[in-house]
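*Asks:* Residues per chain, in single letters:
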Amino acid sequence: MATAPDSPLVPSPSVPPPPAHVEFKALLLLVLMAALVCSFVLYVMYARGVFESTQRLVLISDDSEGVLVGMDLTFSGFPIGRVQRIDLAPDGKARILIDVPRKDANWLRTTSVFTLERGLVGDTRIRAFTGVLDDPLLPPDSERTVLRGDTAAEIPRLVATARELLSNLQAITAADSSLNTSLANMQTMTGRLTGQYGVLGGALGSDENAKKIIATLDRVNALLAKADQRVFGQPGQRGVMDDAQAAIVQLNGVLSDARNSLKKVDAVLAEAQAVGSNARIASNDLGALRAEVDASLRKVTQLVDEINRKWPFARNTELKLP
Amino acid sequence: MLHLAGIALVMGLSPSTYHRANRNTTYRYIYTSTWQILPWFTLLSTLLSLVLIRIVLVTALSYGLSRYALEMMVRVLVLELIPLSAALFVALRAGAAFNSPQLLASQSTAAPDISRLQQDLVPRTIACAFSVLSLATVSGVIVLLLAYINVYGISPWGLPDYTRTVGRVFDPAVTLGFALKTLLFGLAVAVVPTAAVIDAARRNITLSSTLQPGATRLLFVLVLIEVGGLAVKYI
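Just so you know, the protein sequences line up as chains A and B, in that order.
Residue numbers -19 to 302, in our numbering, belong to the letters of the first sequence in order.
Residue numbers 465 to 699, in our numbering, belong to the letters of the second sequence in order.
No lab work stands behind these hints, which were simulated from the structure alone.
It is possible that part of the hints are untrue.
Under 7 angstroms between C-beta atoms, here's a sample of chain A residues computed to sit facing chain B [said to hold, decoys possible]:
hint: 1; residue: Val24
hint: 2; residue: Ala27
hint: 3; residue: Gly50
hint: 4; residue: Gly57
hint: 5; residue: Ile60
Beta carbons: idealized from backbone N, C-alpha and C, even for Gly.
Okay, chain B solo, but in the shape it has when bound (with noise of 0.2 angstroms):
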């Protein structure tokens, strides 16, 4: 698995993959794994973030504790679930296309195929992290949005005191980490799944049609990922 990540790290920076063809296959990948679901996700994620934010605030008002509902809701919602949860969603939305018994039989050679895996794992790569990075501003800009009309209401005199907020939240490290977080997830999301299912073609082990190659293997790295995230941020 971290072969192959390498593999594909190194043949997405190099400047001869991207010649025309693949070019196109990247847009295509881009257009199904963001353009089609992202108008989706926002939207759940927004009213899932609605909810989230009215019970913070609620709970943080109840308890006197206001002035702490904006920078909770910005650390919990905007660095860590809306990342973890549209990589998730990545990982589900593209989940079915490893079942495909063509890319399992792409690889079922000892060796990595490089010149498959430069047309299918690259963009596959590079769209399914930019989906990751795509779902997880988009929605963490409309939680922002949501959280300030939710505590300050449809007014512009909140604006300095959310803004130092929101400053004081996204330190260089912590944004620095949430954008490590967010790429790495993407990395995952796209890799650990295409190892998993190039590992059964090796194998010869017969993949079952129900159940995402990898799914486990990719829910574990997710999670320590995210674990990994927050032990570093805030232990």
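Just chain A, with the same shape it has in the complex (with noise of 0.2 angstroms):
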């Protein structure tokens, strides 16, 4: 530390005098200090958000506790917002004033959801979560109510919900209980699959029972060896299935057979159109023909119309008045 003659204190004609520029150093100082310490305020009303331009939200919940002013509003994790008062509506419930940058307000739409969460360590937080982004904005002075969630709260629902668990593992876990009976059941039953007839005695409950399926197994594939015989025959005979491939030849040749006389049918009722034609044909002449000897007998009536009228023994058809 300092010593006596250091000091400036009680100046006297053994204090040694004062360093070069004194008044400009103090000064300089004085000047430096003053600009620190209008830097820090102003930078603390940066930080408080005084120069920022905000929108008023109000979220309403039935318990303010935890919810302090200054605290944030978060969303995605980040602040975006400040609680600035807390009031007491007059119907009971809290109102909490959140002042929100504009610059951050357009994460809150109008299907915004918030919450007010309160761990067992650490503080209250309040969160919004916005699932659609395409939603119109949240308009300033919006009211919200806030979800709440409450692990304090949760803790004896948390007691109650243990216990009742611990009680039915318990239940679970007596000599009498369903668990044990089923494990014996299992015990039996894997004694069983490692008895004579193994997984088959286990599934049918007794040797017997598979000794009986065993014997069901061994008549049916004497009956499969006999019906192979039968259907394919034993070496050296025709089968039921030989004489059936040599009926499908056969069948085959009578179907070719009947394709060729269809086309012989083809043939005739292709040759018996042709004389249709011809026949309208002719018919269309005859109507022509009929029409020229109309004509010719049409002329005759007149020419012998015309002989009697000129001919001596034509009748006389005066009639004369007395």
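Using the hints, put the two standalone chains together into the complex.
*Replies:* Take a look at the structure:
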């Protein structure tokens, strides 16, 4: 530390003269300190959002315990707002007034959900969740009900549930419990599985039943062997399948014959079609011939009438009045 | 002591005190009490703060409470320890001067010599208050920088989060309390030993050359201011 001669407190002739530029250095210190203090004050004001343009959001909760003025409203872990005031509404609910900077307000939409979470350790958190970012923006001075998640309040329910769970577990692990019975049955079953007939004995319940099943299988095998002999025949003999194959070959021949016959029928039908067309043409000619005959007959009739008129034997058709 | 503090305040706020001779004296006191000790105190407080910051940070990380580490550093170091250590440092730095026989002789009368007080006490009070304020401010700013670098590293991306934390800590009441406490520290460091010297001179008490006059009283006043500030802030 300093010694007495260094001290300027008591000016005396024994005190050495002051260093050069004391006044300048002192003034420099004063200016620097003033600048530093002003800068710090401005920084703190900026940090507290004094220069930010904000919009108001009101969260309504049944209980505002743990909520403090100045705490953050976070969205995806980022602080986007700050609690400015906490009021008690006339209906007994807490109104948490939050200032959200306008540059961060675009994260809040009309469908945003707000939660108030209080853990066992740490402070209370107010969070915002926005599922659909295309929804309309949350208007200023909006009021939203906050969803509360209180760990301390969940503890009694958790203890009750745990107690119920433990009692269930105790009932399950009791000597006469269903689980123990099932395990005993399982043990019996595994004993059967390791017996003479293995899984079959375990599945059917006893070795006798397994023996019956095996006897049935033997009979089925014998039946299948006989059927095989009948269907496919023995060596040197024809079986049912061989006869069926020969019948199919013959059926193919019959079908080819029928195809040839149908071709002939097709030719006959073609000729009949040609005859029909000729008859139709002849019928058309007959019409013209008839018309000519009719015209000739009309001419002959006119000729006969003319002859009758001019012939001396013509009747006098003139009537004379008396 | 309170009477002397009142006189010092009144004379400090009186424009007639600041004539040229007093201004020069004040500059000399400021030079002696601040300019000469600022680098060393800043270096010392930086080293100690670095150690404390690392301890707090490592402990908070090991317990998974790293989000509270920065706030705790600012609250403990900047708001509490740095101003108190600055006041103690200034008090110890200026302590030897109180044993000066000239000061005792000058104040041996029943009533304080106003002109002597005006020449010595007011510049000294201003210089001590300014010294405490300067040391606390410079060291506080350095501690804030160190805390940022230790928590976020040399990267600008933690600045918004850091700024928000600082803003949360320095609410208006805390900032006002911090400024008031620092000023009271400065006033106490300047006034309490002087009052002790004057009181001893009046009562013809021989002061021990090894003990700073009024040291116990000064320590008591400093602790009282600190505890009072904590009580108002947190209780």
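*Asks:* It remains to establish, for every hint, whether it holds in the given structure.
*Replies:* Status of each hint after checking the structure:
no., hint, in the structure
1, Val24, "holds (4 angstroms)"
2, Ala27, "holds (3 angstroms)"
3, Gly50, "holds (5 angstroms)"
4, Gly57, "violated (10 angstroms)"
5, Ile60, "violated (10 angstroms)"
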